[in-house]
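Enquirer: What follows is each chain in one-letter form.
2 protein chains.
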Amino acid sequence: MGEGVEWGLHCCVTLAWLREEGPVPIRRLAAWFDLPQEYLKKRLQALARAGILASTPGVRGGFSLARPPERITLMDVVTALQGPLEPFRCDEIRQRGVGGEGAGSEFARPCGISTAMRRAELAWRRELAAQTIADLMAHAPAGAERTRRNYSRMTG
Amino acid sequence: MGEGVEWGLHCCVTLAWLREEGPVPIRRLAAWFDLPQEYLKKRLQALARAGILASTPGVRGGFSLARPPERITLMDVVTALQGPLEPFRCDEIRQRGVGGEGAGSEFARPCGISTAMRRAELAWRRELAAQTIADLMAHAPAGAERTRRNYSRMTG
DNA sequence: GTCATACTACTCGGATAACATATGTCCGAGTAGGGGTGG
DNA sequence: CCACCCCTACTCGGACATATGTTATCCGAGTAGTATGAC
Chain A
1 MGEGVEWGLH CCVTLAWLRE EGPVPIRRLA AWFDLPQEYL KKRLQALARA
51 GILASTPGVR GGFSLARPPE RITLMDVVTA LQGPLEPFRC DEIRQRGVGG
101 EGAGSEFARP CGISTAMRRA ELAWRRELAA QTIADLMAHA PAGAERTRRN
151 YSRMTG
Chain B
157 MGEGVEWGLH CCVTLAWLRE EGPVPIRRLA AWFDLPQEYL KKRLQALARA
207 GILASTPGVR GGFSLARPPE RITLMDVVTA LQGPLEPFRC DEIRQRGVGG
257 EGAGSEFARP CGISTAMRRA ELAWRRELAA QTIADLMAHA PAGAERTRRN
307 YSRMTG
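Chains A and B supply the protein sequences, listed in that same order.
Going by this note's numbering, 6 is the number at position 6 of the first sequence; the sequence numbering is gapless.
Remember, this note's numbering sits 156 above the position in the second sequence when you count from 1.
Note that these hints are calculated values from the structure, not bench results.
Hints should not be assumed to be uniformly reliable.
To be verified - With the C-beta cut set under 10 Å, the calculated list includes, among others, these residues of chain A facing chain B:
#, residue
1, V13
2, W32
3, Y39
4, K41
5, K42
6, L74
7, D76
8, A80
9, I93
10, G100
11, A103
12, E106
13, C111
14, A116
15, A120
16, H139
Backbone N, C-alpha and C define an ideal beta-carbon position, used for all residues, glycine too.
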């Protein structure tokens with residue numbers, strides 16, 4: 001799917017824990033997870049364009065959550081990072097070639113394969129939309145305190 | 157995900173409808189859907205390696221279903237064509253860098269992000285595993301007769 | 001007429017390129033803080 | 001001492017290379033049918 005999705009999710013949780021501290025620059029986040037700084041920036045910019053993160057320029061700038069963690073679902077993050085994945089378009093293939101000749105009104109209804117695939121994809125999205133960043137925070141309660149402590153100790 | 161998945165699915169349904177006719181060569185299937193013949197062969201070879209299709213060489217050879225359609229799920233086809241997609245491995249990133257310092261036993265349990273993503277993926281797989289090729293056939297009952305008629309009329 | 005044999009045409013099988021997308025890197029525009037200078 | 005202004009350092013923002021996976025293509029190995037010739 002793309003590794004940047006995982007990074008974006010982790011960064012969102014971390015930003016939620018550091019919400020009191022103000023904007024967090026990419027430099028800190030990259031060192032935090034030991035990730036390539038420039039590419040991580042690119043991904044977080046995509047999140048900012050989607051309205052999930054807010055970016056503040058300047059010397060004390062950085063990225064911060066644009067909404068409270070309860071209102072950011074995993075679906076939002078995934079959609080923003082990998083784009084709205086195109087659904088199966090079976091109608092294109094099934095009525096080409098000789099196979100579709102004389103089909104008449106059979107192709108009026110949507111393709112069964114398309115329907116089945118879409119149903120599965122919908123289940124996936126539903127699960128993703130049911131979880132928020134706040135839920136992830138609640139999953140590791142000790143992380144909040146540890147994150148703030150480690151963050152204040154960071155030198156760079 | 158890959159367009160070949162859609163092609164493989166359509167070919168499986170067609171092969172199920174033509175099960176009485178014996179093996180169907182790639183040449184016919186490619187003309188059937190107007191698809192690139194060589195690449196379609198590659199994908200069907202993958203399905204054969206997975207034990208979903210049976211390939212018979214020789215001048216009257218071709219591909220045919222290795223199992224009855226009721227025992228082939230969409231999950232089988234998808235897994236065979238795109239490989240067993242690697243699950244989220246968040247543990248790699250979250251305990252790198254300075255962010256994970258002093259985490260103690262917090263990282264003993266699996267990462268919450270990993271869990272949430274896996275749950276969504278599982279819902280997707282469950283939907284795919286619940287549908288079989290036979291279900292897709294039942295979705296378009298008229299297709300069986302049309303397919304057999306068009307197939308016997310094919311010249312090439 | 002029948003059988004064995006060599007041939008041919010067609011199939012699958014895997015190794016090899018072309019392309020797309022995801023990943024990684026670079027330099028420029030803009031802002032806020034800090035220091036210097038004049039009042 | 002205070003206010004104003006310039007300067008620097010740091011940030012984000014988008015444009016530019018590289019790597020990996022998907023799509024497309026090629027040639028070789030093998031098999032079954034078929035024609036041919038001998039018996």
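Enquirer: Now, for every hint given, state plainly whether the structure supports it.
Expert: The hints, checked one at a time:
no., hint, in the structure
1, V13, "holds (7 Å)"
2, W32, "holds (4 Å)"
3, Y39, "violated (13 Å)"
4, K41, "violated (16 Å)"
5, K42, "violated (17 Å)"
6, L74, "holds (6 Å)"
7, D76, "violated (13 Å)"
8, A80, "violated (15 Å)"
9, I93, "holds (5 Å)"
10, G100, "holds (8 Å)"
11, A103, "holds (6 Å)"
12, E106, "holds (5 Å)"
13, C111, "holds (8 Å)"
14, A116, "holds (5 Å)"
15, A120, "holds (4 Å)"
16, H139, "holds (3 Å)"
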